[in-house]
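> Here is how the chains run, residue by residue.
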Amino acid sequence: MSLYWETMETMEKLIELKNINKVFKSHKLISVKKDDYVAVNNVSLDIRKNTIFGLVGESGCGKTTLARSVMLLDPPSSGEILFDGNNIAKLTGKALHPYRSRMQIVFQDPNSALNPKMSIYNCMKEGLVNRRYPRDKIDSKIKNLLDLVGISPNHVNRFPHEFSGGQKQRIVIARALSMEPEFLVLDEPVSNLDVSIQAQIINLLLDLKDEFSLTYLFISHDLNLVSYLSDQVAVMYKGQIVEIAATEKIMKKPLHPYTLKLFSSAPGKDKKELYEADKNYTSGLPEGYTYFPPAIDSNLHLLDTGEGHSVACYALNG
Amino acid sequence: MEFVFFIIRRFLRLLLTIFIISTIIFFVIRVIPGDPALVVAGLDASEDDIQAIRVRLGTDVPVAVQYGRWLSDIVRFDFGESMISGASVNKLILERFPLTLTLAVLGILLGLIVAIPLGVLSAVHRWSFWDYFGMVYSQMGMAIPSFWLGMILLLVFAVKIPIFPLFGSDSLKNLILPAIALGFARAAVILRLTRAAMVEELNREYIITARAKGLTDRMIRYKHALKNAMIAVVTVTGIQFGYMLGGAIIVEQVFSLPGLGRLFLYAIYQRDFPLIQGGVVFIAVVFSLVNFTVDILYSVLNPKIRIS
Amino acid sequence: MQEKRSDSTLEIKNLNISFIQGEKEANALRGISLSLKRNEVHSLVGESGSGKTVTSTCIMGLLPTPPGRINSGQIILNDQDLLLLEEKDQRQIRGKEIAMVFQEPARYLNPTLKVGDQITEMLILHLGMGKGEALDRALEIFDLVGLDGGKRILDSYPHELSGGMKQRIMIAIAISCNPAFLIADEPTTALDVTLQLQILKLILSLKNTLDMGILFISHDLRVVHDISDWVSVIYAGRIVESASREKLFSDPKHPYTRLLLESIPDADKRGKRLQTIPGKVPDAEDIPGGCAFHTRCPLAEDICKTVQPETKEVGEGHSHTTACHFIGKQWKQWKN
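Residue numbers (my numbering), protein chains in the order written: chain A, 1 to 318; chain B, 1 to 308; chain C, 1 to 336.
These aren't lab readings, by the way, just hints derived from the structure by calculation. Bear in mind the structure is a predicted one, so any value in this text is a computation, not a measurement. There may be inaccurate statements among the hints.
[Claimed, not checked] Derived lysine-lysine pairs resembling DSSO-like cross-links, with alpha carbons at most 30 Å apart:
{"id": "1", "chain 1": "C", "residue 1": "Lys-269", "chain 2": "A", "residue 2": "Lys-49"}
{"id": "2", "chain 1": "A", "residue 1": "Lys-253", "chain 2": "A", "residue 2": "Lys-49"}
{"id": "3", "chain 1": "C", "residue 1": "Lys-312", "chain 2": "A", "residue 2": "Lys-49"}
{"id": "4", "chain 1": "B", "residue 1": "Lys-304", "chain 2": "A", "residue 2": "Lys-238"}
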């Protein structure tokens, strides 16, 4: 048993998802076929305190829907969300209020996250007033937060359009921090940014995590990025988690054929590999793997292969 | 197959719309305070007279029964008889409808003939003579009331230079001037929309692709941009056409044309309840049919709509 | 289709373009030179606003003037300067000699025209084919780009096809007239990694079968690493470094290239801080004097603020050029 997993296993869980489903019902009055859409299918996972949980998958696989469900922006159709041991999945209104500020989300596009008609000061003040932060301390709080994310506190009265994309994302992060959250969902937070800016934001996020003991759910399609910063990785495919493991493990020995395909498709390899890459995922399969599940199958469950490395595959399940 | 289901879905929706509208009409008329029979009969009618009118109107039975009758009337497309002339409401409406339909079709055609070329020209050559001309036209079209335009047209083209008849409604020639008066303002609306839609389409990315293919400006404009621009134009044209069918009351009045508009106007003057009810339902049905047609046309132009 | 043409090149020489907005003048390209050879992928890498798209738009003759203004430069194909051609003659080049593939196929295909129409119109226009002949040819091209179900696809509208298929169609349209050169502007940026790999492989195989020269425009150094023969790095409207793929990735000389490469996260850097480049790409209206990168450069000294560095040969022959006063000098690690 690896030392890494031993330490992971002893860490407290902050978020536990149990059998989360999200179904979008068809709204057609008269419909030829039943077309309810299962976006998230029976997802269970644990996120441990002060770790980064990476969620990867291709567009349409349900990773953003899952994130919105966890945040209760679109509550799940069924399943439990344990936040620090309390099931919050069915909470609404006042009961949910204390949890709202403990978890925050940062989206891909900072432009749609900031109201273009509000100064940065007012953008940040809103949330603080909402959570009844002492009025006389709001000013210094905002300035401290902006300073923390690398925005000059002198620019507090500027409007979003006066900042670059990277700066806007910093402001969005500062605003999320103003709620003093324990858990941050980061949904492709650097995908819209230039290469030279991405590294700045990533470093910032890592610093903030250490400083405030934050826990991240980091959603991305960029495997290189996820494998750089996550402690654990889950691979999502057509609404299901097909594989979960500690990052080192999954990088070294991916078990699910889809994970293999995804990892071998990531750019940045030798050209010879490029030609070979998608042959690899069939030839490189562990023994006994024959079947690649093409569609969602609720009967397929994650099976623990040891040390927290779980995989959903017929070859293993059968 | 997809397309057939789409049409069926839209048709069922059309039926539902008509049902809802007729229900609303029924209850609106019943909810208005006062007994229609009293209104029809006048102040010094006897109780017997009023009762007789109630029987004729069908208001002597409980509301639920009335509603049942009303629905069955609509299914059979039978709205009873006019209180004034005693003729069947159906017959009255269908007698007048061809004239209004011809007028509306002519009006919308004239409008489209002016609006689409001018709109496209304005969009393609922005800030040119044609663009300014189009702007002036659309301002005028929206500002000039149709009754005034109708009177001027009569004065100039029927009185001073008598190339069109002053009265009458039996030949197509009689309908040209009213159609112009009717179509003038519609054209202004369609023109503005055509220009806006065309400008938008010409700025879309697929136009860059078309240019990168080395296509001529002509092909880019008329093969690629125009069809996409027409999607928006069809919808608005349909709505405009629906209004015109509902009765071009003022234009029919100015040109003394015995169309639907005038029929309903008199029905209101004379408190001819069955005719008013029948008329409103008829207009609603026609409007829904126009919308249905627009939906179908829209989906032919815009293949995306069929699956969503 | 398989016949090989003479060994032509596409030369972009000292291209200088600005955009005029009222009083302001934005220097979009400040003397770009690129050389494209048949059967070679030349990548142009840079961040947003660095001038990548202006370059491709200008090569295609699609630069709107005004607001754009070509201050100087030449684009030479078959001994002709494309910039001097009449619009009518430029149209003969577009699509036929130089074709282009765009980033988001969903937006760059006409939503209301059938795929068949969108591919045959070019064959009819440029090659004078009849409709029937053009349709047959379209089916051949579909085979070439790996689209199965030929006839059915001809009759489809773009939205009825998946993202990967749409990009294949974009590529099919671009190569339909057998162009000598293909400009691919971020052709895989909108695609998922598994699709991206397929499209990259397709582009490489087409390059070989059709003997095409490809200008591959991207912001993603990893993708560029996979596909290129030659790489040019653009910053604020100038090429700062140009080299064969092997040289550029194994021995980058310009500090911008070196920093970019080091800032890319991957599993090997776990636990270490990422290298960063402070600040941001300058706006085209406000490009710093001297070396445009000096405001963000760890090597910058006084000379960098005033003197624009010449483009120098650093390899043997013409294998590696860069524009820096302190080529290859080491810098101390610093925190952002």
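> Any hints from earlier that this structure breaks? Give me their numbers in increasing order, please.
Per hint list: single violation, 3.
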